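Undergrad: Can you make the complete structure from the sequences, with help from the hints?
Chains as they are written, first to last, in the working numbering: chain A, 165 to 351; chain B, 165 to 351; chain C, 165 to 351.
Hint data in this document are derived by calculation from the structure and do not stem from the laboratory.
Nothing here was measured: the structure is a model prediction, and the numbers come from that model.
Keep in mind that the hints are not guaranteed to be accurate.
To be verified - Quick list of the computed label-pair ranges, beta carbon to beta carbon:
#1 B:S344 - A:K288: 44 to 50 Å
#2 C:L167 - A:L184: 50 to 56 Å
#3 A:L184 - B:G220: 51 to 57 Å
#4 A:K288 - C:T294: 24 to 30 Å
#5 A:W207 - B:R183: 16 to 22 Å
#6 B:K261 - C:L167: 22 to 28 Å
#7 A:L194 - B:Q221: 39 to 45 Å
#8 C:R324 - B:G206: 37 to 43 Å
We treat Cβ as the ideally placed atom computed from N, Cα and C, and that holds for glycine.
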Amino acid sequence: MILAQANPFEGPSFSRRNRLARALWQVTWLLLFRPTPPPLHGWRCWLLRRFGAEIGQGCHIYSDVQIWAPWNLVMEPRSCLGPRVICYSMAPVQLGKRVVVSQGVHLCTGSHDYTADNFQLFAKPITIGTDAWICAESFIGPGVRIGEGTVIGARAVVMRSQPAWMVCAGNPARAIKSRSHPHGFNP
Amino acid sequence: MILAQANPFEGPSFSRRNRLARALWQVTWLLLFRPTPPPLHGWRCWLLRRFGAEIGQGCHIYSDVQIWAPWNLVMEPRSCLGPRVICYSMAPVQLGKRVVVSQGVHLCTGSHDYTADNFQLFAKPITIGTDAWICAESFIGPGVRIGEGTVIGARAVVMRSQPAWMVCAGNPARAIKSRSHPHGFNP
Amino acid sequence: MILAQANPFEGPSFSRRNRLARALWQVTWLLLFRPTPPPLHGWRCWLLRRFGAEIGQGCHIYSDVQIWAPWNLVMEPRSCLGPRVICYSMAPVQLGKRVVVSQGVHLCTGSHDYTADNFQLFAKPITIGTDAWICAESFIGPGVRIGEGTVIGARAVVMRSQPAWMVCAGNPARAIKSRSHPHGFNP
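TA: Okay, here's the thing in structure tokens:
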């Protein structure tokens, strides 16, 4: 999707087709998504599916969530994108079952290669495991995998993948303790 | 206020009465609070008092402050909630005299019990002592008490209570030096 | 520009002339800057120059950038202020050639003297060297100089000046490795 050898100082990093699709989504978002009242999660999921998102049953997506490219979003059943979440989905963003992404989280798949002459834009997928909870206003960087059941603390800044069933916090985020599985199973 | 044994994946965590009161406040905020020009602090304080807030003389509250439940807000005289502050007052938020809460701060009283099967929502009060200053875009978590006169640095993430007359910074925030009392009294 | 011996609890910290100029800029921003479509960078640069900004050729400034005082902004050619940047320019903010300030960065020149009886407001300039990249949602504090070519990581909190051609990250931010000059020259 990202043009190879594009220089962001000199021109767009995306194809014309990609930019048109995003413009269409932006207009749709502004008119039909953003102004909807909080409980209409089903309607917002339906709209996102029209733009290629894969969204399971019972997902919650708040009306002020910003999604860069809906066609890169996969949400398994009962997962949630909370108020003011930024889903900067230049690459795929995948949420497992019952994943909670709390208010103000930034899921950021894009970056630049600062060692390259052309400051090449790149993007890497973000994957969040079943039952994980990404707390308020944390930041998840490009290529990060969050293990199943893991809790990322409020305002944590996660630039590396994190293991399953841990609690991680800080900037940069580190695993600070283990989280016991609610049902007594602790792999 | 929070329903016991509520499961946020299955239904609301608040009573019908609470949700109606908040909807009424939201409409009031949108029509009568948000569009007011910056100097009308007195009018905004008056509106908040109609919804149960306790607000002393000479308080400043900017028009883009978001307050979850005004009836949980207590502000002593000459305290201030700056631009873009989020006051997520599921539990009481109390500001002492001349407390300054700078732009973009998040006062977050709510969280979830991630050890419980039902991911129970809970909330704990935030209390900020007289003459404290909470600098720009810092985050204050549930149950935190900030001591009198303490300065919380910009973008600090405060998940534990902090002592009086200190300067605290970082993520997670730690006390990094003491602050001398402006009037020479340093308890 | 900031009034000496002003007490922010008792009255404004800026002259009447300064407050009027900012009100005029705010109205202009709201009507002629904020509603413009993304590609109209040239128009937004032209508007800012009318309010005293010095902006070189080929600069990009997104429509939701908030600029406190345009007359304190200096941007050398091909530098960029990305989406949702807050340029709190109470003191001068200077960007060198090809500086990229990514989405959501806060350039904050203002603070208060918490050792003074009157909690005096003060402001110190921010200077960012040629070819530096300030990544998403980082915070740059008053008086900070970022050296040429330096990368400030996402969500970093920079309260001290940083050397040239380094990568800095964390809260508080520290230099964590050197960045090689793209053209092989590494001073």
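Undergrad: Each of the hints needs a verdict: does it hold here or not?
TA: Results of checking the hints against the structure:
no. : hint                        : result
1   : B:S344 - A:K288: 44 to 50 Å : 48 Å, holds
2   : C:L167 - A:L184: 50 to 56 Å : 51 Å, holds
3   : A:L184 - B:G220: 51 to 57 Å : 55 Å, holds
4   : A:K288 - C:T294: 24 to 30 Å : 28 Å, holds
5   : A:W207 - B:R183: 16 to 22 Å : 20 Å, holds
6   : B:K261 - C:L167: 22 to 28 Å : 24 Å, holds
7   : A:L194 - B:Q221: 39 to 45 Å : 42 Å, holds
8   : C:R324 - B:G206: 37 to 43 Å : 40 Å, holds
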